[in-house]
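Novice: These are the residues of each chain, in order.
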Amino acid sequence: MPDLLIELFSEEIPARMQTRAADDLRKLVTDGLVEAGLTYAGAAAFSTPRRLALSIDGLTAESKPVREERKGPKVGAPDKAIEGFLRGAGVAREDLEVRDDKKGQVYFAVIEKPGRIAADIIAEVLEKSVRNFPWPKSMRWGTGNLKWVRPLHSILCILSDEAGTEVVPLDVDGIASGNTTRGHRFLASDAFSVVSFDDYEAKLKRANVVLRADERAEAIWNEATTQAFALGLEVVEDRGLLTEVAGLVEWPVVLLGKIDDDFLGLPPEVLQTSMKEHQKFFSVRNPKTGRIERFVTVANMETADNGATILAGNQKVLAARLADAKFFWENDLRVAKEGMEPWLDSLSNVTFHNKLGSQKDRIERIAALAREIALSVGADPDLAAQAARVAKADLSSEMVYEFPELQGLMGRYYAEAADLPADVAAACEEHYSPLGPSDDVPTAPVSVAVALADKIDTLTGFWAIDEKPTGSKDPFALRRAALGVIRLVLENGLTLRLFERMFMASASHVGHIAADEDFGELARAFDVLAENLPAELVAAFAEQADKAVRERRGLDEPATKDRADIKFGMARASDLVSFFHDRLKVFLRDKGIRHDIIDACISPIQGAPGGVTPANDDLTLLVKRAEALAATLATDDGENLLQGFKRANNILSQAEEKDGVEYSYGADIKFAEHDAEKALFAALDAADAKIAPAMEAEDFSTAMTAMAALRGPIDGFFTDVQVNADSQVLRRNRLNLLSRIRNICLSVADLTKIEGTS
Amino acid sequence: MADKPRSFQEIILRLQTYWASKGCAILQPYDMEVGAGTFHPATTLRALGSNHWAAAYVQPSRRPTDGRYGENPNRLQHFYQYQVLIKPSPPDFQELYLGSLSEIGIDADKHDIRFVEDDWESPTLGAWGLGWEVWCDGMEVSQFTYFQQVGGHDCKPISGELTYGLERLAMYVLGVDHVMDMPFNDPQAPIPLSYGDVFQQAEREYSRWNFDVADTDKLLQHFLDAEAECQRILDAPADDPKTGKKIIMVHPAYDQCIKASHVFNLLDARGVISVTERQAYIGRVRALAKACADAFVQTEAGGAAA
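Those protein sequence lines, which keep their order, are chains A and B. Number 558 in numbering that gives the first Met the number 0 belongs to position 559 of the first sequence; there are no gaps in the numbering. Number 147 in numbering that gives the first Met the number 0 belongs to position 148 of the second sequence; there are no gaps in the numbering.
Quick caveat, the hints were computed from the structure, so don't treat them as lab data. Small disclaimer: the values here were computed from a predicted structure and weren't measured. We put the beta carbon where it would ideally sit given N, CA and C, even for glycine. There could be a bad hint or two in this list.
Stated by the list, open to error - Negatives, chain A to chain B, calculated, CB over 12 angstroms:
{"no.": "1", "residue": "146"}
{"no.": "2", "residue": "367"}
{"no.": "3", "residue": "752"}
Said to hold, decoys possible - Here are the simulated DSS-like pairs of lysine-lysine, each with C-alpha atoms no more than 25 angstroms apart in a straight line:
{"no.": "4", "chain 1": "A", "residue 1": "136", "chain 2": "B", "residue 2": "155"}
{"no.": "5", "chain 1": "B", "residue 1": "109", "chain 2": "A", "residue 2": "257"}
{"no.": "6", "chain 1": "B", "residue 1": "109", "chain 2": "A", "residue 2": "204"}
{"no.": "7", "chain 1": "A", "residue 1": "26", "chain 2": "A", "residue 2": "63"}
{"no.": "8", "chain 1": "B", "residue 1": "155", "chain 2": "A", "residue 2": "127"}
{"no.": "9", "chain 1": "B", "residue 1": "155", "chain 2": "A", "residue 2": "315"}
{"no.": "10", "chain 1": "A", "residue 1": "645", "chain 2": "A", "residue 2": "677"}
{"no.": "11", "chain 1": "A", "residue 1": "127", "chain 2": "A", "residue 2": "112"}
{"no.": "12", "chain 1": "A", "residue 1": "79", "chain 2": "A", "residue 2": "63"}
{"no.": "13", "chain 1": "A", "residue 1": "623", "chain 2": "A", "residue 2": "467"}
{"no.": "14", "chain 1": "A", "residue 1": "202", "chain 2": "B", "residue 2": "109"}
{"no.": "15", "chain 1": "B", "residue 1": "3", "chain 2": "A", "residue 2": "136"}
{"no.": "16", "chain 1": "B", "residue 1": "109", "chain 2": "A", "residue 2": "315"}
{"no.": "17", "chain 1": "A", "residue 1": "752", "chain 2": "A", "residue 2": "584"}
{"no.": "18", "chain 1": "A", "residue 1": "102", "chain 2": "A", "residue 2": "26"}
{"no.": "19", "chain 1": "A", "residue 1": "146", "chain 2": "B", "residue 2": "155"}
{"no.": "20", "chain 1": "A", "residue 1": "467", "chain 2": "A", "residue 2": "645"}
{"no.": "21", "chain 1": "A", "residue 1": "354", "chain 2": "A", "residue 2": "204"}
{"no.": "22", "chain 1": "A", "residue 1": "279", "chain 2": "B", "residue 2": "155"}
{"no.": "23", "chain 1": "A", "residue 1": "287", "chain 2": "A", "residue 2": "257"}
{"no.": "24", "chain 1": "A", "residue 1": "26", "chain 2": "A", "residue 2": "73"}
Generate the whole structure from the sequences, applying the supplied hints.
Specialist: What follows is the structure, encoded as structure tokens:
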């Protein structure tokens with residue numbers, strides 16, 4: 000079984016593309032070989048800044064011959080049909096066989112594909128892989144047409160077995176394959192030939208090239224930590240940087256350098272970011288002081304002076320960079336200590352989104368919202384509003400202009416410098432969180448208030464201007480914002496009328512809805528929707544929206560809920576609420592709660608005005624109720640109760656449809672004939688007495704248990720009692736009894752939404 | 000390896016001699032205000048079409064927003080770039096480049112020279128290419144690019160382009176910390192001159208003019224004039240009634256494009272262009288560059304049949 004070695008040698012491949020490219024090479028070539036009928040035992044791919052390499056062992060020496068028969072058209076069929084068949088089968092007319100079939104004579108094509116030797120297949124597959132390589136960006140060079148990430152210089156492609164090594168001949172745009180490669184650009188640049196993968200890897204190492212990226216990374220890390228340890232210091236871990244640096248060198252040489260004392264007063268994050276972003280340096284920390292005092296740079300070169308010149312050069316470049324950073328820091332501190340006013344003013348010239356106004360407008364909205372939310376999250380309203388007002392001031396600072404990734408963090412430093420309360424400073428940093436699903440959620444009340452206000456303003460704003468996420472596109476990270484709100488509320492156990500809050504926050508964006516928008520259709524749709532909302536909420540929305548529109552456009556029309564733009568705004572706000580419910584379902588599904596259970600709890604509770612109650616508007620309560628319902632449905636009683644409820648509901652609905660009336664009131668125990676019927680009356684009375692106060696007290700598990708306890712009496716009733724009795728009085732009474740079952744169950748959750756096993 | 004150079008001008012002279020020895024035509028700077036050596040027609044226009052080309056030159060460049068009154072150790076509103084363009088890019092272009100570093104005293108055996116990904120794009124020229132910034136001991140010393148598109152046209156063949164930031168490179172080679180302290184001519188000369196002796200006063204004057212004094216109304220008018228003139232030149236019929244020859248006036252039109260671009264940079268420094276307008280202005284300059292590129296490929300130098 001021969002082994003295959005391929006190397007594609009080029010000018011420097013961007014570090015960020017190397018790992019993926021090695022994987023792609025392995026996949027393209029092995030898939031191609033397998034598709035052509037070869038098999039192999041193992042394959043591994045490697046990358047350095049100047050080469051991609053692939054080693055495949057245990058390759059079959061040739062593919063097996065393949066014989067295929069295809070049935071064609073009848074003899075005497077039109078020429079067109081026969082020609083089409085010939086094209087498809089890839090044979091000539093004289094090669095067709097005529098065979099007898101049930102319905103007469105038919106053409107048959109026998110396609111024989113002889114086995115092919117591995118070298119032929121490899122040459123074909125490799126050329127195709129090179130020509131179709133999925134580089135994120137590729138280029139041409141010189142006079143050629145070939146595309147590669149940077150100019151491709153040579154192709155090494157050899158097959159080796161016990162008998163020896165052979166070059167697999169191929170030629171891609173004038174680059175002929177061979178058995179030679181080159182070592183390090185400066186340390187060992189002569190070409191040399193190789194006979195196998197082991198030989199290749201060993202000779203590369205002698206020529207100052209470490210083939211394996213993980214070996215380079217490990218060497219860098221070990222050497223860096225050893226050198227730091229010798230000085231009683233530690234290297235700040237950074238996996239991403241390590242991978243990148245390992246992709247910038249073929250022969251890593253670790254050099255530890257000093258940071259001038261002048262710069263040690265900079266915040267550690269600034270030192271770290273500046274060194275990493277501009278110079279690809281690792282930070283080295285003094286564990287005693289927590290300060291960043293040194294750096295590690297990784298050269299690709301061994302020199303006679305052991306890197307002294309290289310290190311001196313790097314230190315000088317760093318000093319120039321840090322001088323810039325220090326200049327920014329000192330200027331920024333001056334502005335911060337004077338109260339940040341110039342920053343806040345300049346934010347009015349920064350557009351947040353051209354339809355949503357400036358950053359300053361946005362900050363004003365967030366401050367107002369944070370103030371409103373504050374009490375529900377246990378924060379001081381004044382502090383929350385103050386924090387919201389300064390939380391984004393650092394966006395105008397020179398440091399954040401230079402290093403956008405330091406936003407928030409610099410805000411905290413500057414707020415501290417301005418002697419603002421600690422809660423406010425913390426909010427400057429924390430209000431962006433959580434950014435990802437694994438990011439920590441802030442817990443400090445002021446931070447939570449600002450974080451919620453920021454995200455709700457973003458969501459309601461983009462919804463108002465109809466910039467919502469579609470499919471895979473979410474340029475404003477609105478799904479992330481929604482998830483952030485959900486986690487902020489749930490993980491802090493907040494009691495907050497979230498959807499009502501969001502609905503009202505949308506009102507302040509009605510002014511952003513383009514005046515020339517076609518309000519017609521959505522506004523009409525909203526008329527239906529409005530019936531499901533409490534009248535006070537609708538009225539409050541109209542008033543708030545009108546104020547926003549006046550401020551923005553100087554409009555002078557009376558504020559009524561019938562105005563088209565206001566209705567339109569409400570329709571979009573309602574749409575946001577349903578988007579939010581969807582995100583909630585996704586979030587809870589990941590936590591193991593079924594979507595239909597969430598639906599049952601989101602669905603408006605029967606009898607609530609406008610259908611909106613704390614039970615489905617307060618996220619924390621909603622989830623608690625969903626968890627209780629899930630737990631109940633998992634019990635035997637719960638499952639049977641669900642069946643009983645569905646049966647009651649079905650019979651009732653059919654009867655209501657048939658009779659054209661609603662049976663909702665008046666079941667009287669005096670018409671109860673059977674014991675089971677009487678027992679159900681008693682059980683319903685008992686359940687009523689427990690469920691209503693339990694729901695009131697938000698004690699969902701008591702309510703659910705009481706509901707599940709109805710299972711026995713309901714089962715007994717259906718066993719012994721015929722609902723559709725001949726006597727209309729009895730029938731009506733029993734239907735009204737069923738309606739009590741329905742009402743009691745629906746007062747807990749909308750069980751009609753549960754997908755049952757019925 | 001030659002001795003270390005001792006002055007700014009010696010570095011320039013050595014680069015000139017080196018690239019001349021490698022077969023480049025040593026051109027002179029273009030006689031207009033440009034933001035970078037790329038704007039020289041010897042790069043922008045000559046990267047287009049099928050004719051082969053090899054040129055090297057110094058190009059004084061102006062970036063009004065970078066003015067610091069001559070105070071900043073390495074920021075200037077007027078500086079020099081050294082530019083090399085070879086079409087088609089030779090297979091040993093990287094080695095040729097490393098040879099030029101050695102010529103000016105950067106010995107690859109003593110330093111850590113790296114090619115770090117940096118893709119080049121000029122929105123005003125409608126041009127892009129792939130390549131690297133070249134690092135020497137952690138400092139960027141050159142930009143190395145394989146041009147893929149210029150003025151919206153795919154390049155074929157591909158040009159290899161090198162840009163050396165001369166002040167920064169020379170400061171590194173000469174071990175100088177502040178650009179104004181750098182020896183311009185030989186420090187042993189009877190009249191030794193520093194970079195500051197030559198440029199400090201001018202930097203101060205231009206910084207004030209660029210930021211605060213330039214007449215923005217007039218500049219806006221200059222922009223409109225240059226834009227209109229560029230279009231008018233290109234709209235003129237190709238056939239010249241006087242000589243009876245086909246004369247497409249690409250270079251005069253391109254001069255107007257360069258002018259518009261520089262005026263835009265000045266307006267930007269004066270702070271009168273808002274963020275949204277900025278994109279629109281860049282788009283207008285790009286439209287001129289594209290129109291010039293379209294015209295150039297119709298000419299002999301652009302590879303069209305004579």
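Novice: Are the hints correct? Go through all of them and say.
Specialist: Checked hints:
1. 146: violated (10 angstroms)
2. 367: holds (26 angstroms)
3. 752: The claim holds: residue 752/A sits with its nearest Cβ about 48 angstroms from chain B, beyond 12 angstroms.
4. 136/A x 155/B: holds (18 angstroms)
5. 109/B x 257/A: holds (20 angstroms)
6. 109/B x 204/A: holds (21 angstroms)
7. 26/A x 63/A: Holds: residue 26/A and residue 63/A sit about 22 angstroms apart, inside 25 angstroms.
8. 155/B x 127/A: Holds, because 23 angstroms separates the two Cα atoms, which is no more than 25 angstroms.
9. 155/B x 315/A: violated (41 angstroms)
10. 645/A x 677/A: holds (21 angstroms)
11. 127/A x 112/A: holds (21 angstroms)
12. 79/A x 63/A: Violated - the C-alpha atoms of residue 63/A and residue 79/A are around 34 angstroms apart, more than 25 angstroms.
13. 623/A x 467/A: Violated, at roughly 29 angstroms.
14. 202/A x 109/B: At roughly 24 angstroms apart (the allowed maximum being 25 angstroms), residue 109/B and residue 202/A satisfy the hint.
15. 3/B x 136/A: violated (39 angstroms)
16. 109/B x 315/A: holds (16 angstroms)
17. 752/A x 584/A: holds (14 angstroms)
18. 102/A x 26/A: violated (47 angstroms)
19. 146/A x 155/B: holds (13 angstroms)
20. 467/A x 645/A: Given that 25 angstroms is the threshold and the Cα spacing comes to 38 angstroms, the pair is violated.
21. 354/A x 204/A: violated (59 angstroms)
22. 279/A x 155/B: Outside the cut-off at roughly 35 angstroms; violated.
23. 287/A x 257/A: holds (17 angstroms)
24. 26/A x 73/A: violated (43 angstroms)
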